[in-house]
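Q: Protein chains in written order, with our numbering: chain P, 1 to 208; chain R, 1001 to 1164; chain F, 2001 to 2424.
Don't read these hints as lab results, they were simulated from the structure. Nothing here was measured: the structure is a model prediction, and the numbers come from that model. All C-beta atoms, glycine included, are put in the ideal place defined by N, C-alpha and C. It is possible that some hints are incorrect.
What the hints assert, rightly or not - The list that follows gives simulated cross-link-like pairs (lysine-lysine, DSS-like), each with its CA atoms no further than 30 Å apart:
id, chain 1, residue 1, chain 2, residue 2
1, P, Lys-177, F, Lys-2080
2, F, Lys-2290, P, Lys-177
3, F, Lys-2227, R, Lys-1069
4, F, Lys-2290, P, Lys-141
5, R, Lys-1069, F, Lys-2391
6, P, Lys-145, F, Lys-2024
7, F, Lys-2085, P, Lys-186
8, P, Lys-134, F, Lys-2085
9, F, Lys-2369, P, Lys-177
10, P, Lys-145, F, Lys-2293
11, R, Lys-1138, F, Lys-2227
12, F, Lys-2293, P, Lys-141
13, P, Lys-177, F, Lys-2117
14, P, Lys-134, F, Lys-2227
15, P, Lys-145, F, Lys-2117
16, P, Lys-134, F, Lys-2119
17, P, Lys-134, F, Lys-2290
18, F, Lys-2024, P, Lys-198
Stated by the list, open to error - With the Cβ distance kept under 10 Å, some of the chain P side facing chain F (calculated, not the full set):
id, residue
19, Glu-110
20, Ile-136
21, Ile-166
22, Arg-167
23, Phe-184
Each chain, written out:
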Amino acid sequence: MQTRFDYLQASFFSFLIHAVLFLYLIGFFYTEKQIRPILSKAVSVNIIVDEIIPKKIDPEVIEIPQAKKQEIVSLSTDNKLDFEQPSNQGYINDLQSLIKQESDISDLSELEKNIANYSSQMIKLIEDAWIKPKNIQDGLKCDIKIKTNVQGRIVSINLIKSSGNIRFDNSALQAVKRVETFSFFKELNKDIYDDIFKNISISFNPSK
Amino acid sequence: MKKNKKLLISYSLVGLFIASCSSVQVTEEAVYEDSIQSIEVSSNRSSLEVPSSSRAVVANATVYFEFDKYNLSTRSIQALKSISDLMSENPLIEITIAGHADERGTREYNLALGQRRAESVADYLVLKGISRSRLTIKSYGEEMPAVSGSNERSWGRNRRAEIN
Amino acid sequence: MKKIFIFFLLPNLIFAELLLEITKGSENPYRVAIIPFQSDVSSVNNIVKVIKDDLLRSGEFYILDESMLLSIPSSIEEIKASEWKLLNIDFIVLGKISDEDNSSVKATYEIYDVSRKTKIRSSTVYGIPGRLRQLSHYVSDGIYESITGMRGVSTTKILYVNEIIDNDNLNYILYVADADGANEQELLRSNEPIISPSWSPDSKKVAYVSFETGMAKVFIQEIASGKREMVIENDHQISSPAWSPDGKFLSLTLFQDGNAEIYILNLATKNLTRLTKHYSIDTESSWSPKGTKILFTSGRSGSPQLYEIDLTKFNTKPSRLTFEGNYNAKGSYLSNNDGIIFVHRSTNQFQIALKYFDENFIRPLTESKLDESPSVSPNGNVIIYAITDNKSGMIAGVTLSGATFVLPATNGKVREPAWSGFLR
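Given these sequences and hints, build the entire structure.
A: Here is the structure:
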């Protein structure tokens, strides 16, 4: 009698394990976990796309989030039905973590607003210092790369692409030299300086 | 990450150092000047011309040209015909043909134009059987105008080749 | 989870380097205030006037009139930037001249940038007593260089020929003078015409055409010693000399072939190489800044036009550069090799014009009727040329930034200016 009971116990546990494995394999638990990341990604991308409108930041920045957005759209359509499956309790948990992530994202969009603001400041400083030569060809354009130090001082200036007219190139270099320091750098934290403001490309394109 | 941190530290140290140095351009120089020497030359103009005693007969003529042109007009050819006849009859006569231009345009181009005009005259005479060795060809460009004046009339009178 | 997320986004921004696009600047000249220099030397006001005129002639500055100065700071510390901002001044120059024990004069000057509220230059120049104009030109060039970033030309010299009647005798005089026309000194005086003066690249010699032997011959004269030599002594006419940028060759126009042809003379070996072979007029040769090409005037298309020949290619044909108008001559390259300056005839006027290599049209720079012999400054920004009218000839200038000026007139007919290289 005892062995039969043990056998029953064993087979019951075996059944449970197999059932869980089986359910896992058919995606019962899997879909639940999927939903939370999908939701949070979709929401965060929406906010980022709204904020990265300022032209001054390289367009490449916009493209990457947008690609992600499309991915998410296809994913959610596939799992439309499954969305309704999770229990209420699971849904409330998701919402809370969503709200937490939303506040993280708004911190980030603050950052992007600041970058756009700092960029316009830098552009205005350079434009105010630039004396354009007269009697030059139309459509001239030159590119300069600068390196800054943590205080915002420009420590290296290099002409990457000449306009073909030395007076134009010279006036652009002179404008950058004249600006010399971006005083707002003292408001930046190390990471932002390192990632964004340490190396800057400047393009002089007056025919735009 | 650690590498980045190290770089950041060294960057900020260097940055502090640079920031503490002034960015004022400081220069010092002394004025330098070379000496200048002045030279005077003179030519005795009359000695440049062929003495008239060596010529039994004097051959003089002037032919005129269009702006920027060095070809001879029919009128010029008639004037030159008498010269060529004279020279054929008097084999000892040697002449100088001097080409000129009016003041318009650049000096060097006008010098070359005057030369071409003189050459046109020379070519004609050679064609008429006169030996080239009897001809001296030169140009004065716009440097020796016959008349002064900045108008069509004066210019016309300066575009010439003179034969002496 | 939170931290990873934030940094997940940052890499997106790192991939793209920050790019700023500058689309506008100012087309106004730099606005400068020169505070009257402090000095114990009597002619200090002249010094400041020379500096002011030098900067004005460059066409890149507006100098505030002395009467409009709100204050006279005696040192950088006394400058109140906000006050100068009201007058829209970009830079302030402060200076001092002092006599250094009778053997030299010392000028010290400082330049203050009003928008950045900081001093940008502090300089000292030692000059020779009695040569205060030279001292002033050194100061002008220092100011010009500091503010524009380009080399100044106030310390350079010019050559020109004057035709003047002296006691019923016609005299032709080759002069060398400062870039502003002052301090003129005779190099050669002759009673026969002198044309086409040309500087050697080191600015120590001049080549010119003189008619003193009865026809056009080229001479080279050393400025300091007056030593002269005739280039190619023979019975043929030679003219239009131009030095190669390395000083080893002289391009010339020879008339011995029956028409004007361009040759290159090796000054050391005296070897002559023929460059043009055409029955039309080829003259007025001029070298490109690196010495690889020669620009010249040719009548081969039926009227004088500018052609260019590449010296590095064997047996190439000259290529035509000008197609507008029926007279384009006396060309020279801009010092930066992005275009040419030449005499251009449109309708009935001879003007000085500019053509950039990457444009297919001509830009006229001057407006009077008979403009000729343009010469470019070594920094490529200013062109001097001769204005001729029957009674007088003068030297005028036009800057690429659009300013014009005329050098003080002297008696006689002045023409054929030629600009030296950098001397400082």
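Q: Minimum Cβ distance from P:Glu-110 to chain F below 10 Å?
A: Constraint on P:Glu-110 not satisfied, violated at 12 Å.
Q: For the pair we were handed, F:Lys-2290 and P:Lys-177, check the Cα-Cα distance against 30 Å.
A: holds (29 Å)
Q: Check whether the Cα positions of P:Lys-134 and F:Lys-2085 lie no farther apart than 30 Å.
A: holds (25 Å)
Q: Grab the minimum C-beta distance from P:Ile-166 to chain F and call the hint holds if it beats 10 Å, violated otherwise.
A: holds (4 Å)
Q: Does the closest beta carbon of chain F sit nearer than 10 Å to the beta carbon of P:Ile-136?
A: holds (8 Å)
Q: Does F:Lys-2290 lie within 30 Å of P:Lys-134 when you go C-alpha to C-alpha?
A: Distance of about 25 Å is within 30 Å: holds.
Q: Does P:Lys-141 lie within 30 Å of F:Lys-2290 when you go C-alpha to C-alpha?
A: Holds - the C-alpha atoms of P:Lys-141 and F:Lys-2290 are around 25 Å apart, at most 30 Å.
Q: Given the hinted pair F:Lys-2024 and P:Lys-198, is their Cα-Cα distance within 30 Å?
A: holds (24 Å)
Q: So if I understand the rule, the pair passes when the alpha-carbon distance is 30 Å or less; does F:Lys-2227 with R:Lys-1069 pass?
A: This hinted pair is violated, its Cα atoms lying about 39 Å apart.
Q: Between the alpha carbons of F:Lys-2085 and P:Lys-186, is the straight-line distance 30 Å or under?
A: holds (25 Å)
Q: Mind checking the alpha carbons of P:Lys-177 and F:Lys-2117 for me, to see if they're no more than 30 Å apart?
A: Answer holds: P:Lys-177 to F:Lys-2117 is near 14 Å, not above 30 Å.
Q: Hey, R:Lys-1069 versus F:Lys-2391, does the alpha-carbon distance stay inside 30 Å?
A: holds (27 Å)
Hints 3, 9, 10, 14, 19 and 23 from the earlier list are contradicted by this structure; the remaining hints agree with it.
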